[in-house]
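Asks: Letter by letter, the chains look like this.
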Amino acid sequence: DGGITQSPKYLFRKEGQNVTLSCEQNLNHDAMYWYRQDPGQGLRLIYYSQIVNDFQKGDIAEGYSVSREKKESFPLTVTSAQKNPTAFYLCASSGGTAQAKNIQYFGAGTRLSVL
Amino acid sequence: SQQGEEDPQALSIQEGENATMNCSYKTSINNLQWYRQNSGRGLVHLILIRSNEREKHSGRLRVTLDTSKKSSSLLITASRAADTASYFCATVAIIQGAQKLVFGQGTRLTINP
Chain A
9 DGGITQSPKY LFRKEGQNVT LSCEQNLNHD AMYWYRQDPG QGLRLIYYSQ
59 IVNDFQKGDI AEGYSVSREK KESFPLTVTS AQKNPTAFYL CASSGGTAQA
109 KNIQYFGAGT RLSVL
Chain B
860 SQQGEEDPQA LSIQEGENAT MNCSYKTSIN NLQWYRQNSG RGLVHLILIR
910 SNEREKHSGR LRVTLDTSKK SSSLLITASR AADTASYFCA TVAIIQGAQK
960 LVFGQGTRLT INP
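Protein sequences appear in the order of chains A and B.
The opening residue of the first sequence carries number 9 in my numbering; numbering runs sequentially from there.
The opening residue of the second sequence carries number 860 in my numbering; numbering runs sequentially from there.
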């Protein structure tokens with residue numbers, strides 16, 4: 009999965025709980041992205057970051073938060089405000105000439121379920 | 860909103876046959892990309908075709924682009940069981956002043972041995 013590590017692979021959330029999904033990359037990429045994928049659907053953009061200490065909301069940011077304190081790391085927190093969090097979450101990164109073409113490299117994903 | 864829409868949503872063929880998937884999009888593009896996703900895994904970039912290109916090949920993959928019809932097709936020749944996966948087209952959209960990759964809903968391809 010191209011130098012992008014997502015953990016954990018499976019995650020369970022209880023009612024009212026915040027959970028954090030980890031995404032680490034060793035590709036020296038500037039840009040990182042979080043997507044949500046529901047069964048049989050395409051990807052929807054949650055948040056993205058073009059550079060350290062900066063990030064922007066995507067199409068479905070409500071109920072999620074992120075930070076980008078280090079170039080290698082872009083954790084996603086699913087807050088209790090996200091009422092339907094069950095989905096497959098994918099992290100991606102892009103950099104250099106690939107970023108100029110918007111080619112993205114993906115992690116293996118985290119599957120989040122609600123208990 | 861979905862910039863790219865794939866057709867068909869699902870395709871099942873016999874090993875050795877060719878598989879063709881189509882993608883339509885709405886706005887002008889700089890490039891169009893195809894990605895592959897094995898079940899329960901992340902996406903893998905397959906091929907990129909620029910807006911001034913009409914056809915591109917990579918191994919058993921052939922991509923065409925018709926900007927007048929705002930459509931692209933992905934052809935996989937001599938399919939193998941290992942080609943079983945979902946295939947997504949993606950285009951770049953300018954949203955809130957930034958370039959973002961927008962994915963279609965994908966075509967689920969099953970290769971029967």
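Everything labelled a hint here was simulated from the structure, so no lab data went into it.
Treat the hints with caution; some may be incorrect.
Simulated crosslink set (DSBU-like; lysine-lysine; CA at most 35 angstroms straight-line) [said to hold, decoys possible]:
1) Lys928(B) to Lys91(A)
2) Lys65(A) to Lys959(B)
3) Lys65(A) to Lys109(A)
4) Lys78(A) to Lys928(B)
From a predicted model like this one, the values you see are computed outputs, not experimental measurements.
Asks: Each hint should be assessed against the structure and marked as holding or not.
Replies: Now for the hints, and whether the structure bears them out:
no. : hint                  : result
1   : Lys928(B) to Lys91(A) : 40 angstroms, violated
2   : Lys65(A) to Lys959(B) : 11 angstroms, holds
3   : Lys65(A) to Lys109(A) : 21 angstroms, holds
4   : Lys78(A) to Lys928(B) : 43 angstroms, violated
In the structure shown, a violation is registered for the earlier hints numbered 1, 4, in ascending order.
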